Amino acid sequence: MIRVVLPQHLRTLARVTGEVTLNIAGPVTTRSVLDALEAQYPMLQGTIRDHTTRQRRAFLRFFACEDDLSHESPDSPLPKEVASGKEPFLIIGAIAGG
Amino acid sequence: MSKVRVLVGTRKGAFILTSDGKRDKWDVSGPHFAGWEIYHLKGSPADPNRIFASQTSGWFGQIIQRSDDGGKTWHQPGTPPGEATTAPDGTPKAESNKFVYDTSTETGAPLTTHQFYDGTQHPWEFKRVWHLEPSLTDPNTVYAGIEDAAIFRSTDGAQNWKELSGLRGHGTGPKWQPGAGGMCLHTIILDPTNPKRIYIAISAAGAFRTDDEGKTWKPINKGLHSQYIPDPNAEVGHCVHHVAMHPQKPDVLFMQKHWDVMRSDDAGDNWKEISGNLPTDFGFVIDVHAHEPETIYVVPIKSDSEHFVPDGKLRVYRSRSGGNEWEPLTKGLPQSNCYVNVLRDAMAVDKLDECGIYFGTSGGQVYASADAGDSWNPIVRDLPPVLAVEVQTLK
Numbered sequence: 000m001i002r003v004v005l006p007q008h009l010r011t012l013a014r015v016t017g018e019v020t021l022n023i024a025g026p027v028t029t030r031s032v033l034d035a036l037e038a039q040y041p042m043l044q045g046t047i048r049d050h051t052t053r054q055r056r057a058f059l060r061f062f063a064c065e066d067d068l069s070h071e072s073p074d075s076p077l078p079k080e081v082a083s084g085k086e087p088f089l090i091i092g093a094i095a096g097g
Numbered sequence: 000m001s002k003v004r005v006l007v008g009t010r011k012g013a014f015i016l017t018s019d020g021k022r023d024k025w026d027v028s029g030p031h032f033a034g035w036e037i038y039h040l041k042g043s044p045a046d047p048n049r050i051f052a053s054q055t056s057g058w059f060g061q062i063i064q065r066s067d068d069g070g071k072t073w074h075q076p077g078t079p080p081g082e083a084t085t086a087p088d089g090t091p092k093a094e095s096n097k098f099v100y101d102t103s104t105e106t107g108a109p110l111t112t113h114q115f116y117d118g119t120q121h122p123w124e125f126k127r128v129w130h131l132e133p134s135l136t137d138p139n140t141v142y143a144g145i146e147d148a149a150i151f152r153s154t155d156g157a158q159n160w161k162e163l164s165g166l167r168g169h170g171t172g173p174k175w176q177p178g179a180g181g182m183c184l185h186t187i188i189l190d191p192t193n194p195k196r197i198y199i200a201i202s203a204a205g206a207f208r209t210d211d212e213g214k215t216w217k218p219i220n221k222g223l224h225s226q227y228i229p230d231p232n233a234e235v236g237h238c239v240h241h242v243a244m245h246p247q248k249p250d251v252l253f254m255q256k257h258w259d260v261m262r263s264d265d266a267g268d269n270w271k272e273i274s275g276n277l278p279t280d281f282g283f284v285i286d287v288h289a290h291e292p293e294t295i296y297v298v299p300i301k302s303d304s305e306h307f308v309p310d311g312k313l314r315v316y317r318s319r320s321g322g323n324e325w326e327p328l329t330k331g332l333p334q335s336n337c338y339v340n341v342l343r344d345a346m347a348v349d350k351l352d353e354c355g356i357y358f359g360t361s362g363g364q365v366y367a368s369a370d371a372g373d374s375w376n377p378i379v380r381d382l383p384p385v386l387a388v389e390v391q392t393l394k
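So the sequence lines, in the order shown, correspond to chains A and B.
Taken in order, the first sequence gives residues 0 to 97; the numbers are from numbering that gives the first Met the number 0.
Taken in order, the second sequence gives residues 0 to 394; the numbers are from numbering that gives the first Met the number 0.
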């Protein structure tokens, strides 16, 4: 079971209140996590990755186990703590006022 | 008895203001979509309980929302073909935020480039929906004006969107350029007497018209003069801020340009200036009285460098002669120490016998006049900065 923490606005959009949990059969990577997330919550399509380019939206970052994974390959394995559900995969909105 | 519903989009959510026909007591609901920028909301003339909203964010991109009960509840209307409209847990599925430029060889146009701020060429990139224009007759058909400038149409209630690519691809695109707010298609006007005719306007490209339901388009900017572009009389490149039309006179168009208030009497083929005695002819909004096609309204803004009303006075200017002769309307509006702006989609009119005029400000006030502008009252005073105001007149 993979745990994912969404920023507040995406929790509202997905109509969830806490962490999201996902089941992933194959390798646990950023791509497979986001694919599973969008499959379970289709209203999030386009909000984390661009519809066409599949690139991470510029003001979002991916963190896990106190590391910034935003610029890692989307096909790189995520830390085993994420794959085991011990640690969550964090999707963070860039800090900005206003 | 008639009712009025005012749809307000702000930097931090949407608000819905309702009143009976007297328009002196208002109920306020919201914020809907709290924390998101709501660039525009508009109700379907064919089904007033159907309202479309553009919900957008620099972080999370574009969402399209739809209400089928007058704004009480909302949902994202998109679903892949053949699939259930909700997930097993009841949450709605959606692809209604999928705006992809049509580059197909059958119906599309190549994804070319436009002029960027520094004069270099830059590829088209989707950013957000500025304006939603529901069909006059079909509640499932709605048009979207987007940034980078293009027009899209949905015929299934905003579930799936298809670009009318003849506009972006018609040839002058490399000369279009973004204004300070981005290269946005912000105005869509449907001709009530000719379903094949649509007007649009782009900052900074100009106005365009189709006479074949969006297949082909032509620039309609003859007579516009813009000193801020290399050729002030160019076919395209003008920063049109807004265009308005009265349904009884669909060939007469009124335009608030970056500078200059303009008028066309031949469906945009030719324009003439009608700024007349305005204190400044810079501004964003322009609108037409519901029952008097020659009565028009603008809110002059000091300049392109100082986006607030001149002299600290919030004044709506009205012309009852179709332009050139303008009178300031000030009763009930602040006349000292006021430095707000009124953005291009932030004025609208109702259709009650005594026409109501509404506008929202960058200071979060929404002002209403129940007597065609003679006097004004704030409906609300402290909303987030207002981006858009639309009005529905309900039976």
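Bear in mind the hints are in silico, worked out from the structure with no lab data behind them.
Keep in mind that a hint or two might mislead.
[Said to hold, decoys possible] If the Cβ cut is set under 10 Å, some of the chain A residues that face chain B in the computed set are:
1. M42
2. H50
3. A82
4. G84
[To be verified] Every beta carbon over 10 Å from chain A, so not counted as near; a handful from chain B, in silico:
5. W25
6. P44
7. Q61
8. K97
9. K161
10. G275
11. E293
12. L351
[Stated by the list, open to error] Sample of chain B residues lacking proximity to chain A, with all beta carbon distances greater than 10 Å (derived):
13. L135
14. A179
15. P292
16. N336
17. N376
Predicted model only: the values in this text are computed from it and were never measured.
Beta carbons: idealized from backbone N, C-alpha and C, even for Gly.
- Item | Non-conforming hints, listed in increasing numerical order | Numbers 3, 4, 7 and 8 - these are the hints that the structure violates, sorted from lowest upward.
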